[in-house]
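Trainee: The residues making up each chain are set out below.
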Amino acid sequence: MITRVTNWLDERIGWRNVWEAIFLRKIPKVNWFYTLGSATLFTAINQAVTGILLTIYYAPTPDHAYDSVQYITTQIPMGWLIRGLHHWGASAMVVLTVLHMLRVILLGAYKYPREVTWFSGVFLLLVVVGFGFTGYLLPWDQKAYWGSTVGTRIAGSAPLIGDWILRVMRGGAELSAVTLARFFGVHVWVLPASLILLLAIHMYLVIKIGISATPGREEKA
Amino acid sequence: MNEKRTIDRRGFLGFMTWAIGGIISAGFGIPAIAYIIGPAARKEEEQNWIRLGSVSKVELGTPTLFKTEIERQTGWITNKEELSFYVFTENGRDFVALSNICTHLGCRVRWIADQGQFFCPCHNAAFAKNGEVISGPPPRPLDQYPVKEEDGQLFVLGGG
Amino acid sequence: MNEKDQKAYLEQYKKDKEKGVPFYPDILFKDAVVSLLVFLGLVALAYFIGAPLEERANPSDTSYTPKPEWYFLFLFQLLKYFPGELEVVAVVLIPTVAILLLFLLPFLDRSPRRHFLDRPWITALVIGSVAGILFLSVQSVRETPPPSEAGQGDPVAALYTENCAACHGGTISIPEGTNLHDVIAQGTHEGMPAWSGDLTSDEIDALAGFILSPGGNALFQEFCSACHVSSELVASDPIELKAALDEGRDYPPHAESQIPKWDEVITPQKRTALLNFLVAPDGQRLFATNCAQCHGRSVSYSGGEEELRDLISQGGLHLEMPPWRETLDAHQLDVLAQYISDPASAEGGDVLFGQFCSSCHGDRIPKIENVDQAREKIASGGAHETMPVWGDVLTSEQLDALVSYTLEAAQGAPLEVGQELFAQNCAICHGDFGEGGTNPARPDDVIAPISSAEYLKTRDDDTLFQIISQGQPNFGMSPFGSAFGGPLDDDQVKTLVAFIRSWEANPPVELPPAVDTRAVKLSADEIYAQLCTQCHGYDGLGLIGPSLRDPDFRANNTAQDIFETITQGHEATPMIRWGDLLSEDTILDLTDYILSLEISAASAQPQPTPGFSSFAEDVLPIFEAKCVPCHGSMGGWDAASYDAVMTTGDNAPTVIPNDVRNSILAQKITGEQTYGNIMPPAGKMTNAEIQLILDWIAAGAPDN
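Protein chains in written order, with the numbering used here: chain A, 19 to 239; chain B, 12 to 171; chain C, 3 to 706.
This is chain A alone, in the form it adopts within the complex (with noise of 0.2 Å):
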């Protein structure tokens, strides 16, 4: 009976050329180094379905935020659990996201013919500090608040665009509503599209071009 779904869906859809592009290809034996990246994807899947359920409850707004987090956290089922997975999952991300970069720098995993995987790897990064920074604000506490203000300050000193980029990240000249809002959009909506589009160049160079092997010592001549 199950055989029959498949192949019916095979005939139509062609799903088993996938799976045997995917998974069932041959990749060189690789140490347990090699599941960092696995291992950052499944923190950014944490982060996406934690983030979607938290949006569920959380409102944008000063006279809201705070209590509404308080509300998920001490209120809601389970409300702890996916704060708390959404909330470590981040630190999480990026000690993995750092791990996994250092693994491909001290195995020479950028050079030829992965180099473009590189380059999606370092925006990666930059899109995940973003995620860390823009959703820090969010939950508008005392630690929330003064670290962000602190933090669009330290974008403001540069020289020249430095107010204007400050007036930018806060929506004016005072942390205030806007910037919460903006924030809130830029983190649920700006960066996530950001990396789905970044992973999927990502993932289809890694399965396009293969994992690189464990490479070896160079043959002193």
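Be a bit skeptical, because a hint or two may be false.
[Stated by the list, open to error] In silico EDC-like pairs for lysine to aspartate or glutamate, Cα to Cα no more than 16 Å straight-line: (1) A/K47 to C/D28; (2) A/K44 to C/D28; (3) B/K159 to B/D105.
No lab work stands behind these hints: they were computed from the structure.
All values derive from a computational prediction rather than experimental measurement.
We have chain A already, so just place chains B and C on it with the hints.
Mentor: Same frame as chain A, now just chains B and C:
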């Protein structure tokens, strides 16, 4: 033999991979369902007996306006709602509590003592002392609430 | 890496791949295991530590030590090593270079070697960077002091945090000349609520002071809060505050306390900040608390800004105090003198002061050395300083605010103008607060409140504008807009709308007035007073409508004509078809009433109109109560006696017997005179009082 063992190992790994995937999915899915249906599954707030004030404030035969405030919690927002009731009694024992909200469009009605009727200024509706419509557009009598007396205090069952 | 190397790599990779394993399940299993471990780790962290949530954001709590997320700490720490001008290095240069290096890595490291031990430079650089970042992060954690609890005890800051900070952030910049107290109390149309519902006036004052002078609040906490609560001192008498700050322990109420000499401890700048906090440079409040008790609520001033500034800052003034020995007996003088030199000691002094002094001195008791001097001064009167030298008292910010407010108010701040327009045109039917009442045009009808929340919520400004300018003829409301023949131009109607709208924040009424809705029979003169006066005048001499006492009018109109005009009205004028509203009998009565008004020029023998009988008994007492406090001693028109009323004044005669229209007195009290404000400045007299005075003038202003 060797070949067979490899296949078995691969099969086992494959099974384990799916199993782990299942565990993680359940780890997300089950809390997510609880999380989403949480507020819906919460029991509706019950109606409460709201204290209006001393029985002695009610004049015999004249509806007396009582104002009271209740707190209503929705999500993380607590609203204060002002409720007003007209309470009247003919004998000092049996009380009737009427809403002061006109059943037509929700304006506040007020008691016009001289005419012995409630009057709604919005569309000149008139209600009798017991809340029946005398004239004007309202579709039904003024809402009545259960009322009780305890230790000289009046309580109305409402809110929720 | 040259082509040969690239080819060699690809071939080597192909071999590796062939020797390798399928992605599923061999590799994917490893990935799944790691993912599961990560997941379990996260769940454990969420369970055992949880996601922290600190106190709600408090923008005014400047004592909070900001800390970014841990993975930004190294950048944060880096800033400390590049102070001032060099900040650019840490903020822009280092991050930009780091990111560029990352991007360019494949181009910088082009050798075919891949193992980290074969690339010592890169490896060293990476290890160095990671070590550096770790070091900076650790340093940052070690150097950041634990969050302190300071700033908790400041009630005004707490008030700010609780109510303002969420929308406005830590500070608010206020445009010059804003009446901050008003803005806070009434809210704005941009979604700011009216705080007067939740905060006391004192709290609003404290908030205004805090917003305008946050430094002053900090100083208050430092120097005054040990003995004073801020809300007890805000908006109090600036003279006292200034004296307390300048005189230290010499300031009588401070004599007992162990305080330092403030003028030595606190710098002048800080004292200014402190005063600006306690008495916010908010012109309207300053005026209301310091000027209005002598100058009335609405101020009229026609000079320039510089002149006004000088006038206020020099104070002193120009007033002649009467020699009170002519009015008061010796005992009264003693009590008053005693009271002035020591307000606590003289029993009954406050009553006398309230009776004789407060209309010029307000609540402010003049300063004087001793009882003898006080008695001498009161008894002999004479040139006398009643107005404080504000220039010595107010900070320059406060002075600026006061000057600009006074100028603005003199031109008529829209709301105040609106209030006056309402009082003149609307209050007669809608009540002073829009509470409504019996409808004079339809005696069996009630005018519902127009100031209730319900009413205002359901009508937008356009609707109100149309109602006012077009009237509601079927309810007996004439058009008021000049486009429809009414007395008000569009701007005035808009001002009225704005005034009515200003109730929405705090509706003065909720329920319609308790009115007997059964048919009320109004007499013809009552109907005339309520419906006709707004166009034809109290006296029937005409305003925007024709004079009903004009000989020509009367010659050309028979009783029948008048009856028909009332019944059918005039197209496109405020003269609506009253026949639709009033019964025939009523109109007949009204016609008779109009015909009973005497013809003005032909009135050889003035007869006192009903309601007025004697100048000494009816009119003079009104003058004494409402006018004499100012128009008795300050020069100009003097209302103290019949002769003075008839002869004094810069534009004498103020009263022209038999001619209400041209008597300045009548014009001033009805508000018809638009040069300067309606009199008395503290608010219009009652209609009955006005009518009495008008009747007296119409009757030839007899001295009886």
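Trainee: Can you list which hints this structure breaks, lowest number first?
Mentor: none
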